[in-house]
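Let the sequences and hints guide you as you build the complete structure.
Listed here are the chains, written in short residue letters.
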Amino acid sequence: MDPDDLQAEPLSSGVPDLPPSDIGMSVEPATEAGAESDSSDTSSSSSMLEDDLLVLRRAWINERNSPELYTYEGAALENLMELVDFQLQSLDAQPASIQNDRVKYLVRSYLRTRLNKVEQHPGYVLREMKERLSQAELEYAEGFRSLQDAHVRKSFLDQFPAHLRRVDEETKDGLKMVPEPDMDRAVFCRVRTTVGQFQFDERYVSRQRRPAYLVQTTNMQCVVRTRSS
Amino acid sequence: MLGDECFKLAKEAKDVTPDHIPAYNEELVRLVTQESRYLWRRVVELIQATESSSQQSSSGVFSPSQSTSKPDLSSQPFSNDPADVSRSMESENMQGQVALYVHTIERNKRCLMAYHRKRAEFLQSLLWAVHLAPTMVPQNVSQRLAPEEQNYAREYAKLNMKYRDSVEATLCPNDSLDWALNGEVPPRDLLIEVRVHRDCGEIVTQSGIVNLQAGTQHYLCRSDVEHLLTIGYLEHINPT
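Which chain is which? The protein sequence lines are A and B, in order.
For the record, in the first sequence the residue sitting at position 107 is 107 according to the UniProt record's numbering, with numbers rising by one throughout.
For the record, in the second sequence the residue sitting at position 164 is 164 according to the UniProt record's numbering, with numbers rising by one throughout.
Do not rely on the hints blindly, as some may be mistaken.
[Said to hold, decoys possible] One-sided excerpt, in silico: chain B residues whose CB lies under 10 Å from chain A:
1) V141
2) D165
3) T170
Hints in this document: simulated from the structure, not taken from any laboratory.
Where a beta carbon is used, it is the ideal one built from N, C-alpha and C, also for glycine.
Structure (structure tokens):
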């Protein structure tokens with residue numbers, strides 16, 4: 001099977017009340033601004049913005065709705081912010097447009113959602129998915145983990161017998177001290193390209209383009225990750 | 001009773017809600033830690049005692065007088081020498097005790113961990129609400145925190161500033177990302193109508209200087225006054 005066909009995204013169930021057109025709209029002024037500032041590659045820059053916006057929007061929706069951390073969309077972020085910056089420079093003293101604010105909101109929300117996941121499971125993220133973080137996020141995750149460790153250590157663990165001071169052990173009945181995300185949580189997913197028959201817990205679902213499904217994250221993982229890798 | 005203190009601690013951890021935090025219970029934390037230390041000492045003692053007694057008993061088993069002169073014909077699979085039986089019961093007893101103590105220590109540790117983590121999470125969300133400025137933590141909250149927790153808050157804010165700086169350096173060197181803004185609601189309008197609740201003096205906006213006196217109303221750019229909105233100096237009128 002061609003890996004490019006395997007594309008799926010969780011639907012926006014937990015996203016705040018935001019019609020998709022709101023974010024999509026922010027593309028328009030970019031075209032106008034580009035036209036005004038007589039740059040020769042207007043069409044290509046605006047379509048690039050559109051693409052990056054789409055990539056980021058999708059990454060943002062995925063990130064907000066799935067328990068798992070996905071690969072950092074660094075290129076899209078950088079391109080988008082570069083264009084926003086360019087727009088602010090070319091518009092000079094004019095008030096910042098709401099569209100720029102919206103792009104910034106998207107970037108902010110995306111990064112903060114990721115940080116939130118890092119904060120929830122710093123040990124797990126650093127152990128399992130280091131390569132999905134950006135450099136800054138990696139530093140943050142490490143800093144946060146050592147901050148947490150130092151906090152419990154100074155609060156009580158230093159008073160504990162030396163044998164019992166570890167913070168990453170696992171008890172015999174399977175309780176882990178390093179919290180992990182709940183991979184069995186249900187997610188909505190929309191099928192973007194037909195991938196044919198796919199097995200979910202002995203139940204075959206034919207994933208045509210239209211319908212949306214509610215499935216467990218573990219089932220979806222491999223499919224979604226193919227897209228991000 | 002064994003583990004009572006740590007149960008109380010777990011209950012206190014449950015009392016932490018998004019808008020309320022009970023005072024840091026230093027006394028209880030100390031008691032639970034003390035109990036764990038005491039139990040661990042007992043465990044070490046018990047193990048040492050078992051080891052020394054098993055040495056004794058093994059020397060007894062291998063003594064020729066016991067193994068040859070007393071052939072065991074009773075239904076009991078083990079030696080019915082009363083000293084031996086009591087020894088084995090004693091060691092079983094000890095094993096039980098050791099297991100109980102070790103489990104209690106583990107449980108204590110888990111409860112302490114949960115207690116501190118729950119409180120740290122509260123602190124984190126509180127810091128985000130006050131734009132990551134530890135000095136802006138309300139007085140009534142900060143007096144309920146342990147010194148260690150206040151230090152945690154400062155370090156957490158520092159860590160976030162570092163992250164924000166490195167992100168802004170790569171993504172938007174000429175502009176700020178308004179990182180600590182309330183990130184939940186997407187911006188709808190560029191200009192918003194605000195009423196001033198407390199005097200803020202003059203502020204510089206993109207369109208000029210505005211004097212924000214208590215009781216006045218203004219139509220301003222959202223990004224210029226967002227921080228004043230979150231700390232409650234201004235009120236957004238008719239947020240749609």
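Okay, the hints, checked on the actual structure:
1. V141: Status violated, d = 17 Å.
2. D165: Since the shortest Cβ distance to chain A is 9 Å, the answer is holds.
3. T170: 7 Å, holds
Checked against the numbered hints given earlier, the structure breaks only hint 1 and satisfies all the rest.
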